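Chemist: Protein chains in written order, with our numbering: chain H, 1 to 224; chain G, 1 to 221.
Read the hints as simulated data drawn from the structure, not as lab findings. Remember, predicted model here, so these are calculated numbers, not experimental data. Treat the hints with caution; some may be incorrect.
Dumping the calculated DSSO-like pairs for lysine-lysine here, alpha-carbon to alpha-carbon at most 27 Å [to be verified]: (1) Lys71/H / Lys50/G; (2) Lys220/G / Lys129/H; (3) Lys116/G / Lys139/G; (4) Lys109/H / Lys129/H; (5) Lys116/G / Lys220/G; (6) Lys5/H / Lys71/H; (7) Lys69/H / Lys139/G; (8) Lys109/H / Lys71/H; (9) Lys71/H / Lys139/G; (10) Lys220/G / Lys110/H.
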Amino acid sequence: MLSLKDIKKSYCGNQVIRGISLEVPQNSFYGIIGRSGAGKSTLVRLMSLLERPDSGEILFDGERADVLKSKALLAKRRSLGMVFQQFNLFSSRNVFDNVAYPLEIIGAKKESIAPRVRELLAWVDLSEKETSPVSRLSGGQKQRVAIARALANNPSLLFCDEPTSALDPQTTVSILELLKKIRKEMGLTVIMISHQMEVISATCNFVAELEQGAIVSVKELKHA
Amino acid sequence: MLDTVSAVFAMLLTPLCETILMVAGTTFFSILLGLPLGVVLNLTDPVGLKPRRMLNNVLSRVVNLLRSFPFLILMILVFPLSRLIVGESTGTKATIVPLAIAASPFVARVIESALKEIDPQVLLAARVMGSSTWQIVYKVMIPEAMPSIVAGITLTVINIIGYSAMAGAIGGGGLGDLAIRYGYHRFRTDVMIGAVLVIVVLVEAVQLLGSWISDRMIKKR
Ligand SMILES: Nc1ncnc2c1ncn2[C@@H]1O[C@H](COP(=O)(O)OP(=O)(O)OP(=O)(O)O)[C@@H](O)[C@H]1O
Ligand SMILES: [Mg+2]
Numbered sequence: 001m002l003s004l005k006d007i008k009k010s011y012c013g014n015q016v017i018r019g020i021s022l023e024v025p026q027n028s029f030y031g032i033i034g035r036s037g038a039g040k041s042t043l044v045r046l047m048s049l050l051e052r053p054d055s056g057e058i059l060f061d062g063e064r065a066d067v068l069k070s071k072a073l074l075a076k077r078r079s080l081g082m083v084f085q086q087f088n089l090f091s092s093r094n095v096f097d098n099v100a101y102p103l104e105i106i107g108a109k110k111e112s113i114a115p116r117v118r119e120l121l122a123w124v125d126l127s128e129k130e131t132s133p134v135s136r137l138s139g140g141q142k143q144r145v146a147i148a149r150a151l152a153n154n155p156s157l158l159f160c161d162e163p164t165s166a167l168d169p170q171t172t173v174s175i176l177e178l179l180k181k182i183r184k185e186m187g188l189t190v191i192m193i194s195h196q197m198e199v200i201s202a203t204c205n206f207v208a209e210l211e212q213g214a215i216v217s218v219k220e221l222k223h224a
Numbered sequence: 001m002l003d004t005v006s007a008v009f010a011m012l013l014t015p016l017c018e019t020i021l022m023v024a025g026t027t028f029f030s031i032l033l034g035l036p037l038g039v040v041l042n043l044t045d046p047v048g049l050k051p052r053r054m055l056n057n058v059l060s061r062v063v064n065l066l067r068s069f070p071f072l073i074l075m076i077l078v079f080p081l082s083r084l085i086v087g088e089s090t091g092t093k094a095t096i097v098p099l100a101i102a103a104s105p106f107v108a109r110v111i112e113s114a115l116k117e118i119d120p121q122v123l124l125a126a127r128v129m130g131s132s133t134w135q136i137v138y139k140v141m142i143p144e145a146m147p148s149i150v151a152g153i154t155l156t157v158i159n160i161i162g163y164s165a166m167a168g169a170i171g172g173g174g175l176g177d178l179a180i181r182y183g184y185h186r187f188r189t190d191v192m193i194g195a196v197l198v199i200v201v202l203v204e205a206v207q208l209l210g211s212w213i214s215d216r217m218i219k220k221r
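Next up, chain H with everything else stripped away, as it sits in the complex (with noise of 0.2 Å):
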C-alpha cells in the first residue's frame, strides 16, 4: 500500500528523519510509536505529502508520490485523510460544514454533498449535532467529526496522529473502538502514530519503534 524507501528529512542542518524504509500492508492497522521528540509528526507529514523528503522515495501502491506536483500532488493528498491531536476542526463552521469540506473542494455537487454528509455523521453517531457549532462539543465528539471529515473523501489511508492524546481514557476507547469499526467496514487502511504503548496495542496488527528519527524495529501484533 504504501512504502519509504530511505527517506531523509532535516531542519536547518538538523537531520530530524535518518533513513527510514517502512512497508505498510493494505488494510492493515499500522502504528508508529515514539517518546516526543522522535520525529513522528514530521514523518506522518512527509507520507502525507504535506512535506519533501530530502532524498528517499515514497511510493503508494508502487507508484512514487513524493516527486508529485501542483495539481497530481492536490489530486493525490485528496484521496489521503488525517485526524490530529488537537483535531483542527474550522470553527467558522458548524458540525455538517465541516464534514462537507472535502466534498467541497473537489467541487462536488450541493446535491451529492447533503446525503454524504448525514452518512457520515450517522457512522460516527452525530446525526443529532448536524447544525452545532464545533466549540459546543466534547472533544470525543470533535473527534468524531474530525474523522468523518476525514472519511469524506472516501479515502484508502487514514493517518492518525495521536488521535487520542488530548482525551480522557473512556473517550480514547470508544474513538479507537471507531477506527477499528472504520478499517474493517471500509477497507482501508489506518497509519496510527503514539506515543502510548497501550493505545497501539488495543489497535494495531503492525507497530514500528521510531527512536531519534530512524526506526529501530518493526512487530507484528497479534490482534484482530
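With chain H fixed as given, assemble chain G with the ligands onto it according to the hints.
Modeler: Then chain G with the ligands, alone, in the frame of chain H:
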C-alpha cells in the same frame, strides 16, 4: 433656541451625507485594495503558506511607507491622480482617492495580523485534505479570521472618519469642511459644535455596529 438647533441641523444635513459617502466609498475601495494586499503579505511571510522573502519585504516596506506618510501631503500629491480618476481634484468624490490610498495599508495590516492569529494546525488540516492555496484563503483563512477582521475594519473606519474631517479642510467637503468654514472662519461656534457632535455620534455608531457584528460572529461559534 429651537430655531438655531433646526437651522444648524439643516446646515449639517448635506455635509453629513457627504461625509458618509466619503467614508463609505473609502472603506469600500480600501478593502478592495487592502484585502488582497493583506492576504499576499500573510501568504508570502517566511512562515506563511507561500514564503517569498523578497516580495514580502518589498510589500511590507511600501505598506509602512504609506502608513507613515503625512496624510495632508499625500492628499496634495495625489491631486493629479484624483483628477485622472474622478475628473476633479477636490470635492467629496475626489477625496476618496487619497483617503483610500491612505487607508488601504491599514486594512492590509489588519487583514495580515488577523490571518496570523489562525492556528497553523488548522491550516495544516486544510492542506492535507488537498485544498489549493486559493481554497484555503477564501474557504478557511478569511472565514476563520472574520471576527478579528471585522473588529480591525471597524477601527479603520473610525480612522477614516477622522481623516475625512481633515480632508475636508482642503476641499474635501463634508462635516470637517463645514466645521472649518463656519465654525473657524465665520465664528459660528454653534455650527462647529454641531459638526463635532455629529462626528462623535458617527464614530460611536460605527464602533457599536462593528462590535455587535464581531461579537455575534463569535457567539455563533
Ligand atoms: N518545521 C520544522 N522546523 C524545524 N524543526 C522541526 C520542524 N518540525 C519538526 N522539527 C524538529 O524535529 C524534531 C521532531 O519533531 P516532531 O514534531 O516530528 O516530533 P514528534 O515525535 O511528533 O514529537 P511529539 O510527540 O512531541 O509530537 C524536533 O526536534 C523538532 O524540533
Ligand atoms: Mg507530534
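Chemist: Please go over all the hints and tell whether each is borne out by the structure.
Modeler: Structure-based check of each hint:
no. : hint                : result
1   : Lys71/H / Lys50/G   : 16 Å, holds
2   : Lys220/G / Lys129/H : 15 Å, holds
3   : Lys116/G / Lys139/G : 16 Å, holds
4   : Lys109/H / Lys129/H : 23 Å, holds
5   : Lys116/G / Lys220/G : 22 Å, holds
6   : Lys5/H / Lys71/H    : 24 Å, holds
7   : Lys69/H / Lys139/G  : 22 Å, holds
8   : Lys109/H / Lys71/H  : 20 Å, holds
9   : Lys71/H / Lys139/G  : 18 Å, holds
10  : Lys220/G / Lys110/H : 23 Å, holds
Taken one by one, the earlier hints all hold for this structure without exception.
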